[in-house]
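Protein chains: 2
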Amino acid sequence: MKDCLKLENQLCFPLYAASREVIRKYKPFLDEINLTYTQYIAMMVLWDMKEINVKELGNKLYLDSGTLTPLLKTLESKGYISRSRSSSDERNLMICLTSEGSKLSEKASLIPAKIGKCICLSDEEAMTLYNILYKILGNGE
Amino acid sequence: MKDCLKLENQLCFPLYAASREVIRKYKPFLDEINLTYTQYIAMMVLWDMKEINVKELGNKLYLDSGTLTPLLKTLESKGYISRSRSSSDERNLMICLTSEGSKLSEKASLIPAKIGKCICLSDEEAMTLYNILYKILGNGE
DNA sequence: TACAATTTAATTGTACACAATTTAATTAAT
DNA sequence: ATTAATTAAATTGTGTACAATTAAATTGTA
Chain C
1 MKDCLKLENQ LCFPLYAASR EVIRKYKPFL DEINLTYTQY IAMMVLWDMK EINVKELGNK
61 LYLDSGTLTP LLKTLESKGY ISRSRSSSDE RNLMICLTSE GSKLSEKASL IPAKIGKCIC
121 LSDEEAMTLY NILYKILGNG E
Chain F
1 MKDCLKLENQ LCFPLYAASR EVIRKYKPFL DEINLTYTQY IAMMVLWDMK EINVKELGNK
61 LYLDSGTLTP LLKTLESKGY ISRSRSSSDE RNLMICLTSE GSKLSEKASL IPAKIGKCIC
121 LSDEEAMTLY NILYKILGNG E
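From first to last, the protein sequence lines are chains C and F. So the first sequence is numbered by my numbering: it starts at 1 and just counts up by one. So the second sequence is numbered by my numbering: it starts at 1 and just counts up by one.
Take these hints with a grain of salt, some might be off.
As the list makes no split between identical chains, a pair holds if one copy fits it or if it spans any two.
Derived lysine-lysine pairs resembling DSSO-like cross-links, with alpha carbons at most 30 Å apart [stated by the list, open to error]: (1) Lys-73 / Lys-135; (2) Lys-6 / Lys-25; (3) Lys-73 / Lys-117; (4) Lys-27 / Lys-55; (5) Lys-107 / Lys-50; (6) Lys-117 / Lys-25; (7) Lys-135 / Lys-103; (8) Lys-27 / Lys-60.
Hints in this document: simulated from the structure, not taken from any laboratory. None of these values were measured; they are calculated from a predicted model.
Please model the entire structure based on the sequences and the hints provided.
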């Protein structure tokens, strides 16, 4: 069998596996605030922006409406966001943070430090990883 | 809003996003051999091992039977693998490569080079990334 | 040897991902 | 101003992920 097909010679596989392992580490902390990982990163955008439409949110998260529509309905049912059409362009669905959703950031702000303790990379490794990952993300544009 | 909750200050997010972006780059090539990405990495293990049980396969891929059972049934229906209980221990389901599945590696072996052209990292960056990702994967053990 | 504990897959249920299509609203072109 | 093209979100359908439970086989132990 060709070496290029061995799992240990792939870059894609540890990328995929490490991504899932890190998300798995978030789970116990996210359970405490009743969010999934994808809901958490959507909330991160909202904590920052307060208001955004689905298209823009999708651009930031690399997700489309097929994923976001049900996810945002769930966040609405949890009381963290509101969903309403833009009056200036009815095609746009505006997502707004509720006060309940805003309040959630207090508890959430404790999570990054907790995760840092679980990952165990040096500051330099973390920075290097960050830069290479964004280089990969930049490739497609 | 606290900076630690900004999306651009997370390491987990570019990891998650880059993983999906890379898998997305595989799609047109994997479509040609009628495999999804997860099916592809499962086949990689089989091209290497010829025979393996579900538990071991799950250990290698960081996946459990909830994901693998339906995936392996699909690969069986495509004729690439066979599924049969081990005679020495009926709890174990042995996955074996069929000749059809083995033949598939010829076409598949062309994919890594094609992907390499899409990712555009230097050899050094690729090696650095690989090592850091496996360091993350090693953390949990 | 019984029987409790463990192990392996399968199953069930929830939540993404994402391609492809549909629907409604807006914009562009005639 | 109509109609064609475009855009945004929702919908549909397939395939993962993964927690939790179940069922069957095996192993350990009194």
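Tell me, please, which holds for Lys-135 and Lys-103 at an alpha-carbon limit of 30 Å: within, between, both or neither? Classified as neither; 34 Å inside a copy, 35 Å across copies.
At 30 Å max between alpha carbons, let me know whether Lys-73 reaches Lys-117 within a copy, between copies, both or neither. For Lys-73 and Lys-117, neither the intra-copy (33 Å) nor the inter-copy (39 Å) Cα distance is at most 30 Å.
Treating 30 Å as the Cα threshold, decide for Lys-107 and Lys-50: within, between, both or neither. within (17 Å within a copy, 49 Å between copies)
Homomeric proximity label, Lys-73 with Lys-135: Cα distance no greater than 30 Å: neither (33 Å within a copy, 37 Å between copies)
Up to 30 Å CA-CA - Lys-60 versus Lys-27, copy category: Cα proximity of Lys-27 and Lys-60: in one copy and across copies (22 Å, 22 Å).
Please sort Lys-117 with Lys-25 into within, between, both or neither, judging by C-alpha distance up to 30 Å. Within one copy, since 10 Å is at most 30 Å while 32 Å is not.
Is it within a copy, between copies, both, or neither that the alpha carbon of Lys-27 lies no farther than 30 Å from that of Lys-55? Classified as both: same-chain Cα gap 27 Å, cross-chain 23 Å, threshold 30 Å.
For Lys-6 vs Lys-25, is the C-alpha pair at or below 30 Å within one copy, between two copies, both, or neither? both (27 Å within a copy, 19 Å between copies)
In summary, the structure is inconsistent with hints 1, 3 and 7 from the numbered list given earlier, while agreeing with the others.
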